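Residue numbering for the sequence shown is 582 to 832, as defined by the working numbering.
Check the hints yourself; a few may be wrong.
[Unchecked claim] Taking lysine-lysine pairs in the BS3-like style, the calculated list, with each CA pair at most 25 Å apart, reads:
1. Lys679 <-> Lys638
2. Lys686 <-> Lys638
3. Lys643 <-> Lys679
4. Lys643 <-> Lys686
[What the hints assert, rightly or not] Taking CB as the label site, the calculated pair distances span:
5. Asp823 <-> Met698: 48 to 56 Å
6. Asp823 <-> Gly709: 45 to 53 Å
7. His601 <-> His761: 20 to 28 Å
Derived from the structure by calculation, the hints contain no laboratory data. A quick note: this is a predicted structure, and the numbers were derived from the prediction, not measured. Even for Gly, the Cβ is constructed at its ideal location relative to N, Cα and C.
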Amino acid sequence: MVLYEYPFNESIRTMLRLEHLFDRLGQLMARDTAMDHHFALATIFEVMDVASRADLKADLLKELERHRTQFNGYRGNPAVSEAVLDEVVGRIDAAFDKLNQLPGKAGHALTTNEWLMSIRSRISIPGGTCEFDLPAYYAWQQLLPVRRRNDLMQWAQTLMPMAEALNVLLGLLRDSGSPHKVAAHGGQYQQSLPPGRSFQLLRMRIDPSLGLIPEISGHRLMVSIRLMRQDEDGRLKPAPVDATFELTLCS
582 MVLYEYPFNE
592 SIRTMLRLEH
602 LFDRLGQLMA
612 RDTAMDHHFA
622 LATIFEVMDV
632 ASRADLKADL
642 LKELERHRTQ
652 FNGYRGNPAV
662 SEAVLDEVVG
672 RIDAAFDKLN
682 QLPGKAGHAL
692 TTNEWLMSIR
702 SRISIPGGTC
712 EFDLPAYYAW
722 QQLLPVRRRN
732 DLMQWAQTLM
742 PMAEALNVLL
752 GLLRDSGSPH
762 KVAAHGGQYQ
772 QSLPPGRSFQ
782 LLRMRIDPSL
792 GLIPEISGHR
802 LMVSIRLMRQ
812 DEDGRLKPAP
822 VDATFELTLC
832 S
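Make a model of the complete structure from these sequences and hints.
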């Protein structure tokens with residue numbers, strides 16, 4: 582099954598973008614080629630750009646504190662396992678403490694490294710990191726993979742408290758929904774959302790053998806999914822077919 586996720590607000594959209602970048606960073610750092618490590622460093626800079634929002638760190642801390650208060654409110658409830666509750670609250674506490682101890686914005690410590698910032702200023706220029714532009718960076722790329730990886734891990738370490746906070750928050754959000762099967766008729770599916778309840782994320786799983794691509798839109802009152810197919814030129818066109826898929830609304 583192919584999973585598609587659709588955020589209902591800008592905060593979740595930013596969190597998903599950062600999660601995507603951290604996942605890419607982990608995969609690239611684990612490889613050995615200089616080209617992979619070049620794009621790992623470019624990904625670190627992308628994380629810094631996305632995380633540069635002045636209120637992002639404060640928003641994550643606020644969300645962690647909200648969840649901590651909510652889960653602590655379940656203590657003493659006979660229907661709730663204290664062991665599971667302790668484990669969840671412990672993860673929230675650890676993520677909160679690490680992020681709260683991080684000075685400034687994510688990656689702020691890297692901005693004092695002139696060599697890294699010289700690379701950052703040229704990496705968005707097409708071909709801007711050639712050996713004649715940045716000979717010291719070119720020399721770094723010739724080092725053994727283990728040396729480059731150690732450097733990347735050291736630089737990425739300043740971003741890990743944010744990655745851990747995102748992992749906890751998005752995990753709790755995804756666990757809040759219950760998947761159910763729905764059917765689209767004629768390539769269209771719509772669902773009204775109950776008033777008074779605020780959903781933050783839609784998750785959709787669909788069988789890849791159907792060859793269908795969803796176009797998802799939604800707001801606080803309605804979710805709409807249109808099923809599409811790609812033509813030979815890659816353009817998406819409506820697919821007026823009946824199909825079933827799994828839908829999860831997370832709040």
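Hints, one by one, checked against the model:
For the suggested pair Lys679 and Lys638, the alpha carbons sit about 11 Å apart, so the restraint of at most 25 Å is met. With a C-alpha separation of about 7 Å, the suggested pair Lys686 and Lys638 falls inside the 25 Å cut-off, and the hint holds. Using a Cα cut-off of 25 Å, the hinted pair Lys643 and Lys679 holds, with the two alpha carbons roughly 14 Å apart. About 15 Å separates the Cα atoms of Lys643 and Lys686, which keeps this hinted pair within 25 Å; it holds.
Checked against the hint of 48 to 56 Å, the C-beta distance between Asp823 and Met698 comes to roughly 55 Å, which is consistent with it. The hint said 45 to 53 Å for the Cβ distance between Asp823 and Gly709, and at roughly 50 Å that hint holds. With their beta carbons about 26 Å apart, His601 and His761 fall inside the hinted range of 20 to 28 Å.
Of the numbered hints given earlier, the model fails none.
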